[in-house]
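Can you build the whole structure from these sequences, using the hints too?
Line by line, the protein sequences give chains C and P.
Each residue of the first sequence is one higher than the one before, starting from 1 at the first, in the numbering used here.
Each residue of the second sequence is one higher than the one before, starting from 116 at the first, in the numbering used here.
Worth flagging that the hints you see were computed from the coordinates, not collected in a lab.
Heads up, some of the hints might be wrong.
[As the list claims (entries may be wrong)] Ranges between beta-carbon positions, derived for each pair:
| no. | chain 1 | residue 1 | chain 2 | residue 2 | range |
| --- | --- | --- | --- | --- | --- |
| 1 | P | 160 | C | 40 | 20 to 30 Å |
| 2 | C | 17 | P | 207 | 39 to 49 Å |
| 3 | C | 15 | P | 131 | 44 to 54 Å |
| 4 | C | 53 | P | 131 | 44 to 54 Å |
| 5 | C | 59 | P | 131 | 36 to 46 Å |
| 6 | P | 223 | C | 58 | 16 to 26 Å |
| 7 | C | 70 | P | 207 | 27 to 37 Å |
| 8 | P | 145 | C | 64 | 22 to 32 Å |
| 9 | C | 41 | P | 123 | 40 to 50 Å |
| 10 | P | 160 | C | 59 | 20 to 30 Å |
| 11 | C | 20 | P | 142 | 44 to 54 Å |
| 12 | P | 130 | C | 64 | 22 to 32 Å |
[To be verified] If you only want the chain C side, here are some residues facing chain P, beta carbon under 8 Å, derived:
| no. | residue |
| --- | --- |
| 13 | 31 |
| 14 | 48 |
| 15 | 56 |
| 16 | 60 |
| 17 | 95 |
| 18 | 103 |
| 19 | 104 |
| 20 | 109 |
The structure displayed is predicted, hence computed values, not measured ones.
Using N, Cα and C, we set each Cβ at its ideal position, and we do this for glycine too.
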Amino acid sequence: GPKVLQIPSHQIIDMGQMVTLNCDPVSNHLYFYWYKQILGQQMEFLVNFYNGKVMEKSKLFKDQFSVERPDGSYFTLKIQPTALEDSAVYFCASSLVGGGYAEQFFGPGTRLTVL
Amino acid sequence: GQQVQQSPASLVLQEGENAELQCNFSTSLNSMQWFYQRPEGSLVSLFYNPSGTKQSGRLTSTTVIKERRSSLHISSSQITDSGTYLCAMERRDRGSALGRLHFGAGTQLIVIP
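Given below as structure tokens:
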């Protein structure tokens with residue numbers, strides 16, 4: 001089936017540094033999402049993105065977070081500066097259409113550890 | 116409060132037994148999906164099932180929108196079925212944004228020989 005790729009699979013950084021998580025969505029998809037899962041906890045929505053804009057963000061999407069997809073390349077999540085509570089697995093997803101009328105395809109996740 | 120309630124929280128089966136996992140929603144839904152989360156954390160999409168019944172091998176998903184619930188039936192369980200099963204739904208709200216999934220806490224399944 002369609003594949004979403006995420007790079008890197010693991011990232012370890014020191015608190016206060018900047019990190020960029022990369023997502024290569026399914027090629028013809030138009031809607032992009034980030035979700036966060038802290039170890040042992042529930043998967044939580046962070047943000048969705050369409051046509052170059054953030055459509056909705058949750059309370060977890062702090063001011064230190066930003067997303068973009070420059071020129072149809074990777075869909076990225078940037079955290080600057082990072083904090084200890086940002087340690088989690090971040091999942092990227094994409095869908096052909098929005099509004100729940102199409103399946104969301106998830107990547108394998110990037111495990112972020114902030115020391 | 117929790118918009119997506121999964122039950123049971125955990126389940127132990129003997130190999131060959133069947134399992135029924137439940138997902139209940141507190142709001143109307145546009146769509147829902149079932150996932151299997153491997154022990155190392157990666158997700159496997161099982162079903163995109165906004166309504167009705169879908170089958171794939173030993174797995175069957177049934178979503179009843181009017182009753183705000185979905186179920187996942189696993190027949191003839193195998194040891195390799197062990198892991199966490201997640202359901203996720205998108206709410207039907209007036210003016211709702213585009214595709215935000217709300218996840219349940221998951222059902223942890225252990226299949227023993």
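Do the hints match the structure? See the list:
no. : hint                       : in the structure
1   : 160(P) - 40(C): 20 to 30 Å : holds, 22 Å
2   : 17(C) - 207(P): 39 to 49 Å : holds, 41 Å
3   : 15(C) - 131(P): 44 to 54 Å : holds, 49 Å
4   : 53(C) - 131(P): 44 to 54 Å : holds, 51 Å
5   : 59(C) - 131(P): 36 to 46 Å : holds, 45 Å
6   : 223(P) - 58(C): 16 to 26 Å : holds, 25 Å
7   : 70(C) - 207(P): 27 to 37 Å : holds, 33 Å
8   : 145(P) - 64(C): 22 to 32 Å : holds, 31 Å
9   : 41(C) - 123(P): 40 to 50 Å : violated, 18 Å
10  : 160(P) - 59(C): 20 to 30 Å : holds, 27 Å
11  : 20(C) - 142(P): 44 to 54 Å : violated, 35 Å
12  : 130(P) - 64(C): 22 to 32 Å : violated, 47 Å
13  : 31                         : holds, 6 Å
14  : 48                         : holds, 6 Å
15  : 56                         : holds, 4 Å
16  : 60                         : violated, 12 Å
17  : 95                         : holds, 6 Å
18  : 103                        : holds, 4 Å
19  : 104                        : holds, 6 Å
20  : 109                        : holds, 6 Å
Violated hints, in rising order: 9, 11, 12, 16; the structure is consistent with all others.
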